[in-house]
Amino acid sequence: NVFSMIHCKTQDEAHDVAKTIQDQIHVDDYDILFSTREFKKTRVEYFVEKSFTLEETIPNS
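Numbers 1283 to 1343, taken from our numbering, label the letters of the sequence shown in order.
Any given hint might turn out to be false.
Label pairs and their computed distance ranges (CB to CB) [stated by the list, open to error]:
id, residue 1, residue 2, range
1, ALA1296, ILE1340, 46 to 54 angstroms
2, ASP1305, PHE1329, 18 to 26 angstroms
3, ASP1311, MET1287, 14 to 22 angstroms
4, ASN1283, GLU1320, 48 to 56 angstroms
5, GLN1293, SER1333, 42 to 50 angstroms
6, LEU1315, LEU1336, 45 to 53 angstroms
7, PRO1341, GLU1320, 39 to 47 angstroms
8, TYR1312, THR1335, 50 to 58 angstroms
9, ASP1305, GLU1331, 44 to 52 angstroms
Honestly, the hints are just simulated from the structure, not real lab data. Note that beta-carbon positions come from the ideal geometry of N, C-alpha and C, so glycine has one too.
Given only the sequences and the hints, what does the whole structure look like? Please build it.
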């Protein structure tokens, strides 16, 4: 099985892109699934902005 996500403005455009991919990889049997609703997009934070020291992270004994 192969999964791929295509971002398009219309379903017709998505069908065209899927057909192009299908022609390039020679696959005859494929399905297209469309989202029925859009979820809130949030930015992922990859780095911590605040610097800290090891001493700040260890509780006092």
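The hints, checked one at a time:
The hinted window of 46 to 54 angstroms between ALA1296 and ILE1340 holds, with their beta carbons roughly 52 angstroms apart. Taken as a hint, the range 18 to 26 angstroms is violated for the pair ASP1305 and PHE1329, whose Cβ atoms sit roughly 41 angstroms apart. Against the hinted window of 14 to 22 angstroms, the Cβ-Cβ separation of ASP1311 and MET1287 comes to about 19 angstroms, which satisfies the hint. Judged by the Cβ atoms, the range 48 to 56 angstroms given for ASN1283 and GLU1320 is violated: they are separated by roughly 25 angstroms.
A hinted range of 42 to 50 angstroms holds for the C-beta pair GLN1293 and SER1333, which are about 47 angstroms apart. In this structure, LEU1315 and LEU1336 meet the distance hint of 45 to 53 angstroms, their C-beta atoms being roughly 47 angstroms apart. Checked against the hint of 39 to 47 angstroms, the C-beta distance between PRO1341 and GLU1320 comes to roughly 43 angstroms, which is consistent with it. In this structure the hint that TYR1312 and THR1335 lie 50 to 58 angstroms apart at CB holds, the actual value being about 54 angstroms.
Checked against the given bound of 44 to 52 angstroms, the beta carbons of ASP1305 and GLU1331, roughly 46 angstroms apart, stay inside it.
This entry does not satisfy hints 2, 4, going by the numbered hints stated previously.
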